[in-house]
Amino acid sequence: MRIFDPHIHMTSRTTDDYERMAAAGVRAVVEPAFWLGQPRTSAASFTDYFDSLIGWEPFRAGQFGVRHHATVALNPKEANDPRCRPVLDLLPRYLDKDAVVAVGEIGYDSMTPEEDAAFAAQLSLAVAHDLPALVHTPHRDKARGVERSLAVVAESGIEPGRVVLDHLNEVTVKLVRDTGCWLGFSIYPDTKMSPPRMVELLRAYGTERMLVNSAADWGRSDPLLTRATGEAMLLAGFTDDDVDRVLWRNPVEFYGQSGRLDLADLDPAAGTFAGNSILRGGE
Amino acid sequence: MTPDSLRAALRGVPDPGWLDAALRRVAADPATITAAFAAAGRRCGRGELADLPGWSADEAARALLLTALTADHAGYAEALYRHGDAAEKRAVLKALPLLPIGAAGVPLLHDALRTNDTRLVAAALGPYSRQLDPAAWRQAVLKCVFTGVPLAVVHDLDGRADAGLAAMLAGLAAEREAAGRAMPADALDLLDRLSARSGPISGGSGRPPSQEA
Chain A
1 MRIFDPHIHM TSRTTDDYER MAAAGVRAVV EPAFWLGQPR TSAASFTDYF
51 DSLIGWEPFR AGQFGVRHHA TVALNPKEAN DPRCRPVLDL LPRYLDKDAV
101 VAVGEIGYDS MTPEEDAAFA AQLSLAVAHD LPALVHTPHR DKARGVERSL
151 AVVAESGIEP GRVVLDHLNE VTVKLVRDTG CWLGFSIYPD TKMSPPRMVE
201 LLRAYGTERM LVNSAADWGR SDPLLTRATG EAMLLAGFTD DDVDRVLWRN
251 PVEFYGQSGR LDLADLDPAA GTFAGNSILR GGE
Chain B
284 MTPDSLRAAL RGVPDPGWLD AALRRVAADP ATITAAFAAA GRRCGRGELA
334 DLPGWSADEA ARALLLTALT ADHAGYAEAL YRHGDAAEKR AVLKALPLLP
384 IGAAGVPLLH DALRTNDTRL VAAALGPYSR QLDPAAWRQA VLKCVFTGVP
434 LAVVHDLDGR ADAGLAAMLA GLAAEREAAG RAMPADALDL LDRLSARSGP
484 ISGGSGRPPS QEA
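First to last, the protein sequences are chains A and B.
Per the working numbering, the very first residue in the first sequence carries number 1; after that it's consecutive.
Per the working numbering, the very first residue in the second sequence carries number 284; after that it's consecutive.
One should not assume that every hint holds.
[Said to hold, decoys possible] In silico SDA-like pairs for lysine to any residue, Cα to Cα no more than 20 Å straight-line: (1) B:426 x A:56; (2) B:426 x A:63; (3) B:426 x A:60; (4) B:426 x A:59; (5) A:142 x A:197; (6) A:77 x A:144; (7) B:426 x B:440; (8) A:77 x A:218.
No wet-lab data here; the hints were simulated from the structure.
All values reported here derive from a predicted model rather than from experimental measurement.
Could you put together the complete structure from these sequences and hints?
Structural data, given as C-alpha cells:
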C-alpha cells in the first residue's frame with residue numbers, strides 16, 4: 001500500500017513517527033502551514049516557520065525516505081491578529097518555491113471580517129501563482145462555514161478543481177460533492193472522521209476527488225490512520241486499486257496541479273501520472 | 284570551475300532558451316534574479332550534470348544566474364541565501380568561489396555549517412572554504428565526520444589539515460573506540476596520513492587496533 005498523506009503537520013511529530021509512517025507505506029506528505037497552538041507575535045516568527053517547512057523539515061523527512069512538500073498561508077485563526085497580518089506580504093516569496101504545492105491552510109475559523117479579507121486575498125494569490133488552494137473548514141458552525149467558503153471560492157474565480165475543502169464529515173460532504181471542488185477528510189482518534197465512517201462515505205459518494213489525511217499535529221492524532229483507513233477499505237470490499245486511488249493517485253493528481261510535485265526518484269512507477277510527466281513540473 | 288564550464292554543462296537541459304533569456308534579463312535588470320532563482324529547478328531540472336560531476340542542473344543554473352549580475356554580487360548572494368529553500372541555499376554556497384566578493388560570503392558559510400542539513404554542510408566546504416579561519420575550518424571537517432559527510436567533499440583537505448585537526452580527530456577516534464562505535468574509514472585514513480606526516484598524534488590513541496562494521 002503506497003500512501004501520500006495530503007495533510008499532516010510533521011513539524012509537530014517525532015522521528016519515531018517518520019519511521020512508523022515509512023514502514024506503513026507513507027512515501028510522500030504535504031505539510032500545510034497552520035496554527036502552532038501558541039499564538040505568534042510577529043510576521044518574523046512566520047518567516048522562520050515557513051523557512052523550516054521548505055528547508056529543515058524536508059531534509060528530516062528525507063532521512064526516512066519520505067518526500068515532503070508544503071503549503072504556505074496565513075491561517076484563519078491568526079488572520080484575526082493585526083500583528084500577523086503582514087504575513088500576507090511575505091507569501092509571494094514563498095509561493096515561488098519548488099516545495100510549495102498549494103496556498104493553505106486558508107478559510108474560516110470564526111468567520112470574522114478579518115478572515116474574509118485574508119481568505120479572499122490568499123485565493124487571489126493562488127490564482128496569481130498558478131497554485132491549488134487548501135481550505136480549512138471551521139470546527140464550530142461548520143456547515144455554515146462550508147457554505148460561506150464555497151461562496152468565497154466561487155467569487156474568487158479560482159477553478160473549483162484546484163480547491164480542496166478539508167475536514168469534511170457526513171453533514172458537510174453533501175454541500176461540496178457537486179461543486180467540482182475536492183473533498184478532504186481528516187481521520188482522527190476521537191473527533192473529525194474515523195476509518196469506518198470514512199469507508200461509509202466512500203461507499204456512498206465514490207472515490208473521485210476524495211482525499212484522506214491524518215492531519216496529525218501537536219494534538220491527539222495518529223499519523224497511521226491513513227493506513228488504517230486503507231485497511232478498513234479492503235475489509236469492506238474495496239479493491240487494491242480503489243485504495244491506491246484514494247491514498248496515492250488522488251493526492252498526486254490534486255497537488256500535481258501545481259506542476260511542482262517531483263516524486264520521480266521515490267519509485268519509478270510514481271514518476272509519471274496518467275502517462276505523462278507532469279510531476280517533473282512543466283511550470 | 285568557471286561560468287563558461289557551467290554554461291557548457293547546461294547545454295542539454297530541458298529548457299535552455301529559458302536559461303539564456305533569464306541570464307540576459309538578470310544582466311539588464313538584477314532584481315529579476317529572485318524569481319529566476321526560485322524557478323531554475325523547474326526549468327532546468329535537478330539531475331546530476333554528466334559533464335560536471337558534483338553539480339546538479341539547478342545548482343549550476345543558479346550559480347550561473349549569480350555570475351550574470353553586473354554588480355552587488357555579495358548583496359544578492361546573501362539575500363538569495365537568506366530567503367532560499369535548501370536547494371537555493373546550496374546553489375549560493377557553491378557559487379561563492381565564482382563571484383567577485385572577497386570574503387563577504389563567509390557569514391553564509393558559518394550559517395550553513397551551523398545547520399544539521401548535511402547537504403548544506405557539504406556545499407560549504409568547496410573551494411570558497413579557503414576563506415574560513417583555521418578554527419572554523421577544523422570544526423567544519425570534524426562536523427563532516429560526525430554527520431557522515433564524506434571527506435572527499437572538503438576542498439584542499441590534505442593541504443589544510445594540520446596538527447590541530449589531527450588532535451581533534453584522534454580525540455574523536457578515542458571516544459568512538461571507548462564507546463565501541465566505528466569511526467568513518469575516510470577519517471581514519473586522514474588520521475593515518477597526518478600521523479605519517481608528523482609522527483604519533485597526541486590527544487588520542489590514533490587508529491583503533493581493529494574495526495567492526
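A quick look at each hint next to the structure:
| no. | hint | in the structure |
| --- | --- | --- |
| 1 | B:426 x A:56 | holds (17 Å) |
| 2 | B:426 x A:63 | holds (18 Å) |
| 3 | B:426 x A:60 | holds (18 Å) |
| 4 | B:426 x A:59 | holds (17 Å) |
| 5 | A:142 x A:197 | holds (18 Å) |
| 6 | A:77 x A:144 | holds (17 Å) |
| 7 | B:426 x B:440 | holds (14 Å) |
| 8 | A:77 x A:218 | holds (16 Å) |
In summary, the structure agrees with every hint in the numbered list given earlier.
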